[in-house]
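Chemist: Place chain B on chain A using the hints.
Residue numbers (the numbering used here), protein chains in the order written: chain A, 1 to 411; chain B, 1 to 411.
Because the hints were derived from the structure by calculation, they are not lab data. Honestly, I wouldn't trust all of these hints.
Treat identical chains as interchangeable: a pair holds within one or across any two.
[To be verified] Within a straight-line C-alpha distance of at most 20 Å, the following computed DMTMM-like cross-link-like pairs (lysine to aspartate or glutamate) qualify:
| id | residue 1 | residue 2 |
| --- | --- | --- |
| 1 | Lys177 | Glu385 |
| 2 | Lys31 | Asp364 |
| 3 | Lys397 | Glu68 |
| 4 | Lys177 | Asp364 |
| 5 | Lys31 | Glu234 |
| 6 | Lys24 | Glu404 |
| 7 | Lys281 | Glu7 |
| 8 | Lys352 | Asp44 |
| 9 | Lys281 | Glu269 |
| 10 | Lys13 | Glu282 |
| 11 | Lys397 | Asp130 |
There are 2 protein chains.
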Amino acid sequence: MMVTVNENYLLLKSSYIFSEINRKVEDFQRKNPDADVIRMGIGDVTRPLPSAVVDAFHSAVDEMAQEETFRGYGPEQGYPFLREAIAENDYASRGVEVSPEEIFISDGAKCDTGNIQEIFGQDNVVAVTDPVYPVYVESNVMAGRAGPADETGRYSGLVYIPCTEENGFIPALPEEKVDLIYLCYPNNPTGTALTEKQLAEWVDYARDSGSIILFDAAYEAYIQEDGIPHSIYEVEGAREVAVEFRSFSKNAGFTGTRCAFTVVPEELEVPDSQGRMHSLKELWNRRQTTKFNGVSYPVQRAAEAVYTPEGQREIRESIDYYMENARIIRESLESAGLRYYGGVNAPYIWIKTPEGMDSWQFFDMLLNEAEVVGTPGSGFGPSGEGYFRLTAFNSLKNTVRAMERISELSF
Amino acid sequence: MMVTVNENYLLLKSSYIFSEINRKVEDFQRKNPDADVIRMGIGDVTRPLPSAVVDAFHSAVDEMAQEETFRGYGPEQGYPFLREAIAENDYASRGVEVSPEEIFISDGAKCDTGNIQEIFGQDNVVAVTDPVYPVYVESNVMAGRAGPADETGRYSGLVYIPCTEENGFIPALPEEKVDLIYLCYPNNPTGTALTEKQLAEWVDYARDSGSIILFDAAYEAYIQEDGIPHSIYEVEGAREVAVEFRSFSKNAGFTGTRCAFTVVPEELEVPDSQGRMHSLKELWNRRQTTKFNGVSYPVQRAAEAVYTPEGQREIRESIDYYMENARIIRESLESAGLRYYGGVNAPYIWIKTPEGMDSWQFFDMLLNEAEVVGTPGSGFGPSGEGYFRLTAFNSLKNTVRAMERISELSF
Chain A
1 MMVTVNENYL
11 LLKSSYIFSE
21 INRKVEDFQR
31 KNPDADVIRM
41 GIGDVTRPLP
51 SAVVDAFHSA
61 VDEMAQEETF
71 RGYGPEQGYP
81 FLREAIAEND
91 YASRGVEVSP
101 EEIFISDGAK
111 CDTGNIQEIF
121 GQDNVVAVTD
131 PVYPVYVESN
141 VMAGRAGPAD
151 ETGRYSGLVY
161 IPCTEENGFI
171 PALPEEKVDL
181 IYLCYPNNPT
191 GTALTEKQLA
201 EWVDYARDSG
211 SIILFDAAYE
221 AYIQEDGIPH
231 SIYEVEGARE
241 VAVEFRSFSK
251 NAGFTGTRCA
261 FTVVPEELEV
271 PDSQGRMHSL
281 KELWNRRQTT
291 KFNGVSYPVQ
301 RAAEAVYTPE
311 GQREIRESID
321 YYMENARIIR
331 ESLESAGLRY
341 YGGVNAPYIW
351 IKTPEGMDSW
361 QFFDMLLNEA
371 EVVGTPGSGF
381 GPSGEGYFRL
391 TAFNSLKNTV
401 RAMERISELS
411 F
Chain B
1 MMVTVNENYL
11 LLKSSYIFSE
21 INRKVEDFQR
31 KNPDADVIRM
41 GIGDVTRPLP
51 SAVVDAFHSA
61 VDEMAQEETF
71 RGYGPEQGYP
81 FLREAIAEND
91 YASRGVEVSP
101 EEIFISDGAK
111 CDTGNIQEIF
121 GQDNVVAVTD
131 PVYPVYVESN
141 VMAGRAGPAD
151 ETGRYSGLVY
161 IPCTEENGFI
171 PALPEEKVDL
181 IYLCYPNNPT
191 GTALTEKQLA
201 EWVDYARDSG
211 SIILFDAAYE
221 AYIQEDGIPH
231 SIYEVEGARE
241 VAVEFRSFSK
251 NAGFTGTRCA
261 FTVVPEELEV
271 PDSQGRMHSL
281 KELWNRRQTT
291 KFNGVSYPVQ
301 RAAEAVYTPE
311 GQREIRESID
321 YYMENARIIR
331 ESLESAGLRY
341 YGGVNAPYIW
351 IKTPEGMDSW
361 QFFDMLLNEA
371 EVVGTPGSGF
381 GPSGEGYFRL
391 TAFNSLKNTV
401 RAMERISELS
411 F
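If we strip away everything but chain A, and leave its shape as in the complex, we get (with noise of 0.2 Å):
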């Protein structure tokens, strides 16, 4: 016996992908010192925070610096001011009942996202769409679940769904039994969004089979169409099989700000192997508690003034300037002759490359001749070989020029 490394971690497959990216992109630069390279590969945004969520920041530092008005530790799952804002504006307006003590404010929704595999059990079999935010896929490699990966990057021991041009980005229940089952609506990186009835499709599959759906929603404000579900729980007998992750990253500009949550509710039970049930909320209260001590106050006050009626306006204006991004790419790939997916209800834009080229080639050819850099798809899984993901986060001006050289391209 004596102190080992968790050999999980060895199994990893490192990505690459953005690292060679950035490679790619100097090289090019070196030979091209005048190149005017526009990136439209990362999805971060790039607006400034609302002044509303900016002026209760400032107001927060201000109480941070009197005694009488001083935090300290606050509540591990957030304070009650933003989890009742959360639930009265994201779900009560909604119709959907979540009451504020089912929300556990957090740092960032690929934390939670990545922590929450964590308080299931070692041998629960692990659903992924593909391609698939890498993620819930490495964070599962490392827990053990997941076994090692083939040259294609495939782990042995995940369940692998995919979505892609043949199957309409629509993925089919899985035919073997499953336990854990990520779903990311609307997606990325496809871009994609699933209605309320095809959701519907995949709570009812979970409530047959006993199996647990791990909902991201972080890209739900991008939704422009009627009968998209914002959130799962708009879907009949979610609250029973579903927890659900959001963030304030895209919606108002939080990236570099941090602030997320997760929803679970009340009625989510899971078993033990003696059969025994138990509150998930409970275990993740559980986990939380322990190795987490709640999000900065200042932040959690920035993140409330999201809902006042001004930050609501603010964000709206965000979103509707990003969207207008996403359908001059749309207009533009169509008028290049390209085939694409997505960008209606989210800020990505998934491109199938031209017949022959695979999702490193399209980049390069991008890179060359138009000075573009977007991400191969293949970096996102298997099943994204044959695709190209290009996001809205960006200039206007930019979005426009990129947009341009694009079109004048031959496919």
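Modeler: Chain B only, in chain A's frame:
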């Protein structure tokens, strides 16, 4: 096969201590509505953020309000400006070599000390001092390294190292082989410290036995005496065997603002079961980049300001304030004829309960006869029975009043 909970969570002994304290205090106040209860039990700061910190916090919030200076996702490991300020001011200034790349910024030492065990193998034997900060124990229970607990709360799979009056609160080197050793000095809850020579014995032990020390230095700013190491890296050879945790919570009042950091030296290598060595820094980097998204940018700027001359002057002032409280507590306990420890290099005073009284009986007596609330030592582990913790985190006025009352009691 079906979805199941992580059954290790079911082994956790519910820590009722703080809720039990609250229940007893509420009960007492209901029966004694005019009682003027003074709380001396909570390890949370009371003084506001330093003005240098507040100014930097405000400017960074202003940066987030302008498109030109807005920051989205930052590096998961923290911004170079903060990592460099720490390397320079906390380490180089003491002649200790720690590079910025070895410093990982986080939102709390609770998170880091809770998460660090993830990167080690499942079979590693964990040693903790007793009494102990519960997070070290509970995070390992959740991970399945602790086994079941007996009725005193002692987990069968952990190695407990008693720190009591009998051994002068100096932990003895374990006789069995242990792999991971949690040490917190200056210590919570006992308030005692280790000299450089005493700590060097642990470093030598770890080097000889191939174990790793997880060193929690959250209270280093309270050290008043020479010869007490502020960092474990002041001890020769520690870079090859120790991870160090630090926090802005207790030195700069960040308990509600949230910023901390963990140092993982380049030299720290841990084998897999085949004997191949792996960089622990790379494993921690992989953990953090996968499951964490960095600390709020304005909070990192606020933390950076702790290292300005004005910031340093202000935090010194706060620490002196709390340590004057500690001095008053010590003097009053002395005149009351109570034996106590700590309070010299730490904000905690560890009282030996008078003959024939256990921790909870002493709690009841102080509450009923002095209207003062502290923390029963038994809440920190089996060897905490017969002890009681008071903290120096209070106003001078309340500290003086509380101690006047205690001085009048007869033991």
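Chemist: Regarding Lys281 and Glu269, is the shortest C-alpha distance of 20 Å or less found within a copy, between copies, in both, or in neither?
Modeler: This pair counts as within: shortest intra-copy Cα distance 8 Å, inter-copy 38 Å.
Chemist: With identical chains, the pair Lys397 and Glu68 could be close in the same copy or across copies; at 20 Å between alpha carbons, which is it: within, between, both, or neither?
Modeler: Result: close only across copies, 15 Å inter versus 48 Å intra.
Chemist: Tell me, please, which holds for Lys13 and Glu282 at an alpha-carbon limit of 20 Å: within, between, both or neither?
Modeler: Between copies only: 14 Å across chains, 34 Å inside a chain, cut-off 20 Å.
Chemist: One pair to classify: Lys397 and Asp130, alpha carbons no more than 20 Å apart. Within, between, both, or neither?
Modeler: neither (33 Å within a copy, 62 Å between copies)
Chemist: Given identical chains, is Lys281 near Glu7, meaning Cα to Cα at most 20 Å, within a copy, between copies, both, or neither?
Modeler: This pair counts as between: shortest inter-copy Cα distance 15 Å, intra-copy 30 Å.
Chemist: Using 20 Å as the alpha-carbon threshold, which applies to Lys31 and Glu234: within, between, both, or neither?
Modeler: Answer is neither: 53 Å inside a copy and 47 Å across each miss the 20 Å cutoff.
Chemist: Since the copies are identical, ignore which copy is meant and state whether Lys177 and Asp364 lie within 20 Å (CA to CA) inside a copy, between copies, both or neither.
Modeler: Result: close neither inside a copy nor across copies, 40 Å intra and 55 Å inter.
Chemist: Is it within, between, both, or neither for Lys31 and Asp364, if the alpha carbons may be no more than 20 Å apart?
Modeler: Result: close within a single copy only, 14 Å intra versus 77 Å inter.
Chemist: Checking an output row: Lys352 and Asp44, CA cutoff 20 Å. Within, between, both or neither?
Modeler: neither (22 Å within a copy, 55 Å between copies)
Chemist: At most 20 Å between C-alpha atoms: does Lys177 with Glu385 qualify within a copy, between copies, both, or neither?
Modeler: This pair counts as neither: shortest intra-copy Cα distance 26 Å, inter-copy 49 Å.
Chemist: With identical chains treated as interchangeable, where does the CA-CA distance between Lys24 and Glu404 reach 20 Å or less: within a copy, between copies, both, or neither?
Modeler: neither (22 Å within a copy, 71 Å between copies)
In the structure shown, a violation is registered for the earlier hints numbered 1, 4, 5, 6, 8 and 11, in ascending order.
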